[in-house]
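Residue numbers (the numbering used here), protein chains in the order written: chain A, 1 to 115; chain B, 116 to 228.
Hints were generated in silico from the structure; no laboratory data involved. Note that the structure is a prediction, hence the values are computed from the model and not measured. The beta-carbon is built from N, C-alpha and C at its ideal position, and this holds for glycine as well. Keep in mind that a hint or two might mislead.
[To be verified] Distance windows between CB atoms, simulated:
1) A:His74 <-> B:Lys166: 21 to 31 Å
2) B:Lys177 <-> A:His74: 39 to 49 Å
3) B:Lys159 <-> A:Leu93: 19 to 29 Å
4) A:Thr5 <-> B:Lys166: 14 to 24 Å
5) A:Arg12 <-> B:Glu187: 33 to 43 Å
6) A:Gly41 <-> B:Lys159: 13 to 23 Å
7) A:Thr26 <-> B:Pro211: 25 to 35 Å
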Amino acid sequence: EDQVTQSPEALRLQEGESSSLNCSYTVSGLRGLFWYRQDPGKGPEFLFTLYSAGEEKEKERLKATLTKKESFLHITAPKPEDSATYLCAVQALGAGGTSYGKLTFGQGTILTVHP
Amino acid sequence: NAGVMQNPRHLVRRRGQEARLRCSPMKGHSHVYWYRQLPEEGLKFMVYLQKENIIDESGMPKERFSAEFPKEGPSILRIQQVVRGDSAAYFCASSPAGGHGYTFGSGTRLTVV
Chain A
1 EDQVTQSPEA LRLQEGESSS LNCSYTVSGL RGLFWYRQDP GKGPEFLFTL YSAGEEKEKE
61 RLKATLTKKE SFLHITAPKP EDSATYLCAV QALGAGGTSY GKLTFGQGTI LTVHP
Chain B
116 NAGVMQNPRH LVRRRGQEAR LRCSPMKGHS HVYWYRQLPE EGLKFMVYLQ KENIIDESGM
176 PKERFSAEFP KEGPSILRIQ QVVRGDSAAY FCASSPAGGH GYTFGSGTRL TVV
């Protein structure tokens, strides 16, 4: 069974204080690892998809990296508007290497950035 | 370029009533997924559908829950005889074939009183 564990559960930072969020996963065959941001009362907003170990992607103050067992979301010089819940999810390969469809999510990390 | 549209945004039902949640996928997307987010819990997969076809319903409760994605019109998640434990946020996502570009809607918040 696919599993995703995120840590820490909650993270409080001062504005400008860089840090990292962790996502550990086990999956039969990884098709993709997804990062989403979710604001209160809203749906998850897509950030990144990573497909293979060693891959990195960046968007503004965020950088996602991937190894065979975990992914990190690095936040550089965060601002209060980066406060949100960050969700990690994995998508497994189906039979024949096709997409299996569903995403398995972790519990999320609640990030609060104080001015 | 409308995203994934869900309605209603909020739905209140009395115990024993039926709840119908609607999801219109993004233009060009042929795959629809439903997820449930219980208070203080993560997103849990429920069902994966293509037009007129259920691909994976491994996350659906065995009773009272059903889903469809007809040839015309939105996908529907139907919950019969709702109970208080069904209170949650229900999210729909869509993607084109292949699963790339997985996009979520804003959700329907169901409250059972």
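For each hint, the structure was consulted:
Distance hint check for histidine 74 (chain A) and lysine 166 (chain B): the Cβ-Cβ separation is about 40 Å, which falls outside the suggested range of 21 to 31 Å. Evaluation of the 39 to 49 Å hint for lysine 177 (chain B) and histidine 74 (chain A) yields a pass: the beta carbon distance comes to about 42 Å. Checked against the hint of 19 to 29 Å, the C-beta distance between lysine 159 (chain B) and leucine 93 (chain A) comes to roughly 21 Å, which is consistent with it. Roughly 35 Å separates the CB atoms of threonine 5 (chain A) and lysine 166 (chain B), a value that falls outside the hinted 14 to 24 Å.
Range check, arginine 12 (chain A) to glutamate 187 (chain B): Cβ separation about 49 Å, and the 33 to 43 Å hint is violated. The hinted range of 13 to 23 Å is satisfied by glycine 41 (chain A) and lysine 159 (chain B), whose Cβ atoms lie roughly 19 Å apart. Between threonine 26 (chain A) and proline 211 (chain B) the beta carbon distance is about 28 Å. The supplied range of 25 to 35 Å therefore holds.
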